[in-house]
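Residue numbers (this note's numbering), protein chains in the order written: chain A, 16 to 218; chain B, 16 to 218.
Don't read these hints as lab results, they were simulated from the structure.
Check before you lean on any hint, since a few could be wrong.
Stated by the list, open to error - Residues on chain A that point at chain B, a partial pick, calculated with CB under 10 angstroms:
| # | residue |
| --- | --- |
| 1 | 72 |
| 2 | 86 |
| 3 | 171 |
Predicted model, so just to flag it, every value in this text is computed and none were measured.
We treat Cβ as the ideally placed atom computed from N, Cα and C, and that holds for glycine.
There are 2 protein chains.
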Amino acid sequence: MGSLSPDGPDHQRVPARRGVAAHVKHGQVVKVINTSGKQVVDTWAFKADDLDEWLSMEHSRVALMKLVPAVGDTLVTNHRRPMLYFVEDTTAGIHDMLMAACDVYRYELLGAIGYHDNCTDNLRNALQAIGLRSKTTPSPLNLFMNVPWADDGKLAYVRPTSEAGQYVCLRAEMDLIVVFSACPQDMIPVNDMRSTDAHFTIT
Amino acid sequence: MGSLSPDGPDHQRVPARRGVAAHVKHGQVVKVINTSGKQVVDTWAFKADDLDEWLSMEHSRVALMKLVPAVGDTLVTNHRRPMLYFVEDTTAGIHDMLMAACDVYRYELLGAIGYHDNCTDNLRNALQAIGLRSKTTPSPLNLFMNVPWADDGKLAYVRPTSEAGQYVCLRAEMDLIVVFSACPQDMIPVNDMRSTDAHFTIT
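Just need the whole structure built from these sequences, with the hints factored in.
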């Protein structure tokens, strides 16, 4: 589940460019810390005893009737059950529910030479590290990611507005597996052009 | 592949509240006709020889950097390959890429008594009717669906603006299976509170 951080005895590390999966019990609170301030953390959750039920952005948009979740909102699964309750957010509340996780195809198209770390592989590897496998790559909750929309529907990728040490807290509404990826995207500005460590706690 | 319509000798019917799947060859154009004008048509596409590759709304948003596709845009797969090219649109261009297909859970939450037809089951049944199966229910391209967004990210479900007989044309950029569902949603205004037949041609 990642090594400990000097920042806190209970802090788990999501290494830059890598993913980490962890078990979370119903009622526990996951705190996701943007250690550097500019790191997007792709976040997935799966029902602990049935990985075919997962945190769904498209179902959560229907439940919330909004493009970005905020404190007080409950994100739901693809079976429309409550999965994560948004408890606290010390950032300005800019997160993304729209964009697919990066993958080998994305970096190929961006002109990367050879293999580029990516969130889709990080999800698979993180689950594999705890003996699990998902049939699919759900569209992630991209914490701290700054994708503004315009009146005409145009989207943009912009540097995160969050600052070092800011965090969000999400409460598990069922037993689940959470997976975080410190997005390795360094070819567009979503992580300020570099990937850094993030941290989390489960309490 | 649905019965023929009196409206045209080559028109296939998507019966109200039901789904239909069809094979489409690379280069063929699929015309989707809003026969009644107010019917949302949930649309999926799968690579003909690999149903694990499918039309992806979350990957298409990254490719297009917009919330709604328009003529001249190419929608892509979850492997970021071109799948459907938007050739023509006689509507005002209002479609949806944000909302999950309706399902039994959705209608339960809306208070439906007993089984309610739904697009998720329509997808599965339509594929099964041609001997196929998908592991997942991708988030659909909701043709004609009117989901406006506000500056603050709030979304709404609104009656379609399309008129009877208006249509969109999509060109297949690979051999694929297309699936249409005449959305049976009659508990919110997306289909003007009732489900009607839609039609399509493949040429």
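**Q.** Interface hint for residue 171 of chain A, Cβ within 10 angstroms of any Cβ on chain B
**A.** holds, 7 angstroms
Q) Taking 10 angstroms as the limit, does the beta-carbon of residue 72 of chain A come near enough to a beta-carbon in chain B? A) holds, 7 angstroms
Q: Mind checking the CB of residue 86 of chain A against every CB in chain B and telling me if the closest is under 10 angstroms?
A: violated, 14 angstroms
Checked against the numbered hints given earlier, the structure breaks only hint 2 and satisfies all the rest.
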